[in-house]
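Peer 1: Residue 317 in the UniProt record's numbering sits at position 317 of the sequence shown, and the numbers go up by one each step.
Please note that the accuracy of each hint is not assured.
Unchecked claim - Label-pair restraints from in silico Cβ distances:
id	residue 1	residue 2	range
1	Lys232	Pro327	34 to 44 Å
2	Lys205	Lys103	21 to 31 Å
3	Glu200	Val399	27 to 37 Å
4	Arg331	Gln367	13 to 23 Å
5	Lys205	His365	33 to 43 Å
6	Arg240	Asn67	15 to 25 Å
7	Leu202	Asp24	17 to 27 Å
8	Cys72	Arg237	38 to 48 Å
9	Lys389	Tyr248	42 to 52 Å
Unchecked claim - DSS-like mimics (lysine-lysine), calculated; alpha carbons at most 30 Å apart, straight line:
id	residue 1	residue 2
10	Lys64	Lys33
11	Lys64	Lys46
12	Lys345	Lys389
The set of hints was computed from the structure by calculation and includes no laboratory data.
Beta carbons are placed, not taken as given, at the ideal position from N, Cα and C, and that holds for glycine.
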Amino acid sequence: MGRILKRRSSGTTTTSFFKVMLGDFQNNLLLPKPFIIKKVDGIVPKSVVLRSSTRRSRVVSVKKVRNGLVLCDEWRTFVQDHSVEFGDFIVFRYNGISELGVKIFGKDGCEKQVRLAKMKKTESESYSDKGRINSKETASLRKLRPQVTHRCPETIRNPDAAVREKVTSMSSRPNTKSIVPERSGAHSFTASFRPYREHEMLVPKQLAIKTGLMARDSTVLLDPIGRSWPVKVHHKRDGRTILTAGLYNFFRSNRLKTNDRCCFRFIEGMGNAIRVNIMRTSVSNSRLHDAKHLANRVVAAKKKQREMLATAVFTSDNPFCTVTMHPCYLRREIFVQLPCAFARKHFKYAPREVTLLASNGATWHAQYTGPRHKLTRGWKAFALDNDLKVDDVCIFELVDQNHITLKVRIIRHTT
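The task is simple: from the sequences and hints, build the whole structure.
Peer 2: Have a look at this one:
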């Protein structure tokens, strides 16, 4: 989601646009097409400079895709360093010199104040090496703006800083090892988020053994923006290892939705803390939800229309109500639910026996139960004997209030 904003000042035009952080924003960010057409002018730069309100700059790679241009690669580090979260929005201001000024706003609409943690000298040098661009990119940038300098930040927020501090504090406890710098490892597993997994997550048994998680009663999760989340580890008698207390807070704070995929990667040398990368599918899920919601609204509208037609062709001095036959009224544990207002007014006591009277004079005895105002027991026999189908409309007319007798007229559904 993005929008172009223009501002004129002293005869010059400054182009700005904003982007809301949705979907897979941690990995790449699509630039608005109007901005590309007006400012890129057919020449695709290999990188741009992002300069935040902290006055730190970051060279970020630009890649051409089918839908346009995206910020990628170093963009992930920028997101982590500046604690960009799902739902935040960023205002980009183009300076006309292959540089974008960046202001980050939180979900409350206020600009976020990002404080960057100091790094060790070796980490700063490594960060500087990653921020360098090749000679061709440098030449192209100098052609656009000779006076541009690419200053690598002296202090940044290391994505593992929070968990490093957490694990360091844990190391003071008995039976814990000292913390050493992170080493890359291949121990990981992936799971799709489901609502019933909010409170626990099963760790593959072989992975729990290899990483030493079987011998621990707690660990730390590190989310994509560097926050740490202490989590309890529970060991079942059958040998299963499960992440429990603390997992709910992690999922809720990161706003996971159904079918979002989480990659849990164990960080070797850091007490086997776990870094979690999130691949969101919330956009497609919301579209699916909208489609289902629209379909349900169409069904409800048709049902209401049939009931209104049935009421229009039937008149009586006695109280009556209409009910459209739903699948659950005719299958499995068969029952029918009467309209709440009708049942509360005329069926003041429950449970009680109700007589169902067909147009041909045949009768059936059913049981009325509250508080959901259901007709049960004898309703099954009535539905079968009268060959009721889904979408048929039944008009229940209260012809005897003393003995609670309902005369039922059936309006068949025609396709």
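Peer 1: Does each hint hold? Answer for all of them.
Peer 2: Consistency of the hints with the structure:
no., hint, verdict
1, Lys232 to Pro327: 34 to 44 Å, "holds (43 Å)"
2, Lys205 to Lys103: 21 to 31 Å, "violated (48 Å)"
3, Glu200 to Val399: 27 to 37 Å, "violated (56 Å)"
4, Arg331 to Gln367: 13 to 23 Å, "holds (19 Å)"
5, Lys205 to His365: 33 to 43 Å, "violated (57 Å)"
6, Arg240 to Asn67: 15 to 25 Å, "violated (43 Å)"
7, Leu202 to Asp24: 17 to 27 Å, "holds (25 Å)"
8, Cys72 to Arg237: 38 to 48 Å, "holds (47 Å)"
9, Lys389 to Tyr248: 42 to 52 Å, "holds (45 Å)"
10, Lys64 to Lys33, "holds (12 Å)"
11, Lys64 to Lys46, "holds (9 Å)"
12, Lys345 to Lys389, "holds (28 Å)"
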